[in-house]
Amino acid sequence: MLVIVSSMATSATAGSDMDTTEYDRTTFPEPAPFTGGTLADCQNFILSIRKYARAVGRFRDSAWIADYVACCLNGEAQLWHIQLPTEVTEDWIKLQRAFVEHYSHPNSNQ
1 MLVIVSSMAT SATAGSDMDT TEYDRTTFPE PAPFTGGTLA DCQNFILSIR
51 KYARAVGRFR DSAWIADYVA CCLNGEAQLW HIQLPTEVTE DWIKLQRAFV
101 EHYSHPNSNQ
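In our numbering, the protein residues as written are 1 to 110.
By construction, these hints were calculated from the structure, which means they are not laboratory data. One should not assume that every hint holds.
[Stated by the list, open to error] The list that follows gives simulated cross-link-like pairs (lysine to any residue, SDA-like), each with its CA atoms no further than 20 Å apart:
(1) LYS94 - ALA40
(2) LYS94 - CYS72
(3) LYS94 - LEU84
(4) LYS51 - TYR68
(5) LYS51 - TRP64
(6) LYS94 - ARG58
(7) LYS94 - ARG54
(8) LYS51 - ALA32
(9) LYS94 - ILE82
(10) LYS51 - THR27
(11) LYS51 - PHE28
(12) LYS51 - PRO31
(13) LYS51 - PRO33
(14) LYS94 - ASP61
(15) LYS51 - ASP91
(16) LYS94 - GLN78
(17) LYS94 - ALA66
(18) LYS51 - ASP67
(19) LYS94 - HIS105
(20) LYS94 - LEU73
Generate coordinates for the entire structure from the input sequences, incorporating the hints supplied.
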């Protein structure tokens with residue numbers, strides 16, 4: 001689970017070195033492992049990855065997201081991912097398209 005901390009307000013007392021900054025702590029869960037399923041399951045996984053990447057400040061880092069996705073796959077989805085070309089598995093934009101293409105077909109999870 002990721003904890004995002006942002007500064008809300010700072011106040012200082014005269015003659016004091018104590019930091020009295022108030023913090024807003026927001027927890028953001030890591031995406032659940034994806035094992036395959038329906039197109040809706042795939043869409044939910046992609047959305048959870050996008051939200052997580054934004055939360056950790058990596059939303060525009062396609063290679064980092066693609067690498068992270070590989071760590072979030074199990075079962076059928078992991079086996080499918082392994083057989084994809086490297087040019088797809090290393091690029092989040094291409095990888096999203098591959099996910100949608102694969103899980104758009106009714107028999108894709110077999």
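So, going through the hints one by one against the coordinates:
1. Taking the CA atoms of LYS94 and ALA40, the gap is near 19 Å; set against the 20 Å cutoff, the hint holds.
2. A threshold of 20 Å between alpha carbons decides the hint, and for LYS94 with CYS72 the separation of about 17 Å falls inside it, so the pair holds.
3. Straight-line distance between C-alpha atoms of LYS94 and LEU84 comes to about 11 Å, which keeps the hinted pair within the 20 Å bound.
4. Restraint check for LYS51 and TYR68: the C-alpha separation of about 13 Å stays at or below 20 Å, so the hint holds.
5. At roughly 14 Å between alpha-carbon atoms, LYS51 and TRP64 fall within 20 Å of each other, so this suggested pair holds.
6. Only pairs whose Cα atoms come within 20 Å are accepted, and LYS94 paired with ARG58 is accepted, the gap being roughly 17 Å.
7. Between LYS94 and ARG54, the direct Cα distance comes to roughly 18 Å. Compliance with the 20 Å bound is thereby established for this hinted pair.
8. A distance of roughly 12 Å separates the Cα atoms of LYS51 and ALA32; the hinted pair therefore holds under the 20 Å criterion.
9. Between the alpha carbons of LYS94 and ILE82 the distance comes to roughly 15 Å, so the proposed pair stays at or under 20 Å and holds.
10. Between LYS51 and THR27 the CA atoms are separated by roughly 12 Å; this keeps the pair inside 20 Å, and the hint holds.
11. As the CA atoms of LYS51 and PHE28 are separated by approximately 9 Å, the hinted pair is consistent with the 20 Å bound.
12. Between LYS51 and PRO31 the alpha-carbon distance is near 9 Å, which keeps this suggested pair within the 20 Å criterion.
13. With a C-alpha separation of about 15 Å, the suggested pairing of LYS51 with PRO33 holds against the 20 Å cut-off.
14. The suggested pairing of LYS94 with ASP61 holds, with an alpha-carbon distance near 13 Å, which does not exceed 20 Å.
15. The hinted pair formed by LYS51 and ASP91 meets the criterion: a straight-line CA distance of about 17 Å does not exceed 20 Å.
16. The straight-line distance between the Cα atoms of LYS94 and GLN78 is roughly 16 Å, inside the 20 Å bound, and the hint therefore holds.
17. A distance of roughly 9 Å separates the Cα atoms of LYS94 and ALA66; the hinted pair therefore holds under the 20 Å criterion.
18. Only pairs whose Cα atoms come within 20 Å are accepted, and LYS51 paired with ASP67 is accepted, the gap being roughly 16 Å.
19. Restraint check for LYS94 and HIS105: satisfied, since their Cα atoms lie roughly 18 Å apart, inside the 20 Å limit.
20. Distance hint between LYS94 and LEU73 is fulfilled; the C-alpha atoms sit about 17 Å from each other, no more than 20 Å.
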